[in-house]
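Following the hints, position chain Y against chain L.
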Amino acid sequence: MTKQLKQNKTQKQSNWNILFAGTGGQGVLTASEVAGYAAVFDGYHVKKSEVHGMAQRGGSVESHLRFGDGVFSPLITKGAVDFLVSFHKDERDRMKDFLKKGGTDLIDALEKAKSSVSDPKFVNTYLLGVLSSYLPITEQSWMKALEKAFGQKRLEENKAVFSQGRARKQQ
Amino acid sequence: MAKLNQTKQIAFLSGNEAIAQGAWEAGLKVAAAYPGTPSTEILETLAAHYKDIDAQWSVNEKVAYEVALGAAIGGVRSLFACKHVGLNVAMDPLMTSSYTGIKGGFVVVVADDPGLHSSQNEQDSRWVAIFSKLPMLEPSSPSEAYEYTKLAYEISETFDTPVMLRSTSRVSHTKEDLETGSRIEPAPVGELTPDIAKYVMVPKNAYAKHILIEERLRKLAAMAEKSKLNRIEMGDKKLGFITSGVSYNYLKESFPNASFLKLGMIYPFCDKKIAQFAKSVKQLVVVEELDPFIATHIKSLGIKITTKHPSFDIGELRPEYMADLVAGKKKKEVPATTRKPVLCRGCPHRFVFNTLRKLKFFVTGDIGCYTLAATPPMATLHTCVCMGAGITLHEGIRRAQPGKKIAGVIGDSTFVAAGITGLINAVYNKVKGIIVILDNSTTAMTGGQHHPATGKTIKEDPTKKLILEDLVKACGVDNVDVVVPYKLDELENLLKKRMDEDALSVIITRSPCRLIEKKYEPAPIYEREKCKACGVCLRIDCPAIHKQPDGTIEIDEFCAGCKLCVAVCPFGALKPHDKAIETK
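Sequences listed follow chains L and Y, in order. This note's numbering applies: residue 1 is where the first sequence begins, and numbers increase by one. This note's numbering applies: residue 1 is where the second sequence begins, and numbers increase by one.
Bound conformation, chain L alone (with noise of 0.2 Å):
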């Protein structure tokens, strides 16, 4: 698997695909919105597009996050998603036709993240910490993404939390 995660990431390509799922208050949209702002601080050209209403009504929750140079759609063609990112496993299953060929599903990482994490409410951090050691996106732009998103509330757990996303080694 590291092998083809390393030509994932090495891989020269105009935009960046990435596709979270999961269910209301999962925090969702804060990880992408995070991930987005992480994009925008790097000088990418971003969209990001989701449903929202349903969000703290238990339905399902879908977030579409694009970068690179420039970006038309909105959302991410089916089959073309370079990163799924999903906080449940029905979600994930729900989604996966999403992923491109030799795409990274990052559903490992979530039962990793739910046994690291104190709180599950820090899932969402430790995950894109594990998606961020995936991306051409500076650790500094991570951070400021960070404090956008959390301003001082918890901000330090989760900048904790998120290093140790971003640090698990891969098996």
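Incorrect hints may have been included.
[Claimed, not checked] DMTMM-like cross-link-like pairs, simulated, lysine to aspartate or glutamate; straight-line CA separation at most 20 Å:
id : chain 1 : residue 1 : chain 2 : residue 2
1  : Y       : Lys209    : Y       : Asp160
2  : L       : Lys114    : Y       : Glu557
3  : Y       : Lys331    : L       : Asp105
4  : L       : Lys89     : Y       : Asp556
Source of the hints: derived by calculation from the structure; they are not laboratory data.
Chain Y only, in chain L's frame:
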């Protein structure tokens, strides 16, 4: 939160935030709306970030439109925003505002919801442009939404007309990085001088105005021919697209080498530019979301085009549809597998609907979170048409089915927006029955906005609080009860008693939305050995209760401790936690 209004900076804005920023930069003074997905954040952003704007949640869209129009007639730049079905409520003033025109620029934002992410219908509001003879712009992205909003004010004042800006969910709720600018300080407001011929739409004046409207449309069409809003991008001449809105983006990725006529102004049409583009490409395909609005017009010009299969008129477009769509194929329907939304854990509405189901009432419903009670296994909301119809359909169905057990339900915000006149009608025309006002003291479904009965404005300023029970009595209802929905026995006995009476009753079930007042109590204790796996607790459709393969349950860590499951369990397998507060 992001500070949006500094000079020249890169911001990361949603389409709705971009509209707010564009309007602010254009010198907007007054903005009014009623919340509605996917348009809500326009006014929220204006109220939260731009202190120099007079922003308000109005009681409903008709009121909001008139307030904004009045401000424009008064000489300042104003804005009205709504969702597509909200535009229907504002249609009365909208149609005649086309006649009066404006003094200060007036932008009417409508956000459609293709795909019905959070709406009761999938109407295509572009037709309103033709119907009202108002110009309409359609951005494809947040950065265009920002640019077009600024342009819309110029068009409005140049042509003496309200200008419609049509967004969709995928523009309003997409975020994009864009460079923002600074505010043009509005010119001083001139004298308020009467202009009866312009602003009093009696037949004689309106007739004269109609002549001017037709002239205005011709001038706007001439502008559309030259405007940068309608852009030709020549590529491969074998394949050309005429498109607008978010569809443009999907096509640019699927057919990057094709030629494009991208319409940013979708009414009136730029017929000459369309004809010129049509001549320059071999195959011309019109791609648009929802109705064949552009296609119908281009066909009327006698231009040969390829259009999408009618199956694509339903639902939103997606980038992966483009190849099939251009090939004229039918849409491949994919069965929805998304997790259904439910009433939140601990929601007070769940107690009301569980009781209404137990009593086997026919329930006429309305627009709000409680519409979720229609989905199985709750299935205790039997009609949902539009704002206010929970009260009026209750009356109509009672007239068709006298003596049947029918109750109407409506939320607090919805009641103030659209229910009051229906209630007065019910009293006046002597209908009997029960109206339940589900009062959770907010406009919950759209994210918790204030309304007159919360006693606060959009800017969180305290204001005169509307007392619902006083209002209901003033409407002429004699039986008015206010109950706490968590007190199940009281609620059930009251509903039974009122249903048997030969009168019209209003029951206000009052308890704040759980998303506002996050008072959670400990989860009940589940004694698995007493559980008979009967499934009764599953029928309350609580998101914290999970069925296990053997038919027993698990209660997850997010349980709000409302104890409805305790109340319904016939075998005593669920017991309140020691620290739980008594609600019965």
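Here is what the structure says about each hint:
no.	hint	verdict
1	Y/Lys209 <-> Y/Asp160	holds, 11 Å
2	L/Lys114 <-> Y/Glu557	holds, 14 Å
3	Y/Lys331 <-> L/Asp105	violated, 28 Å
4	L/Lys89 <-> Y/Asp556	holds, 16 Å
Checked against the numbered hints above, the structure violates only hint 3.
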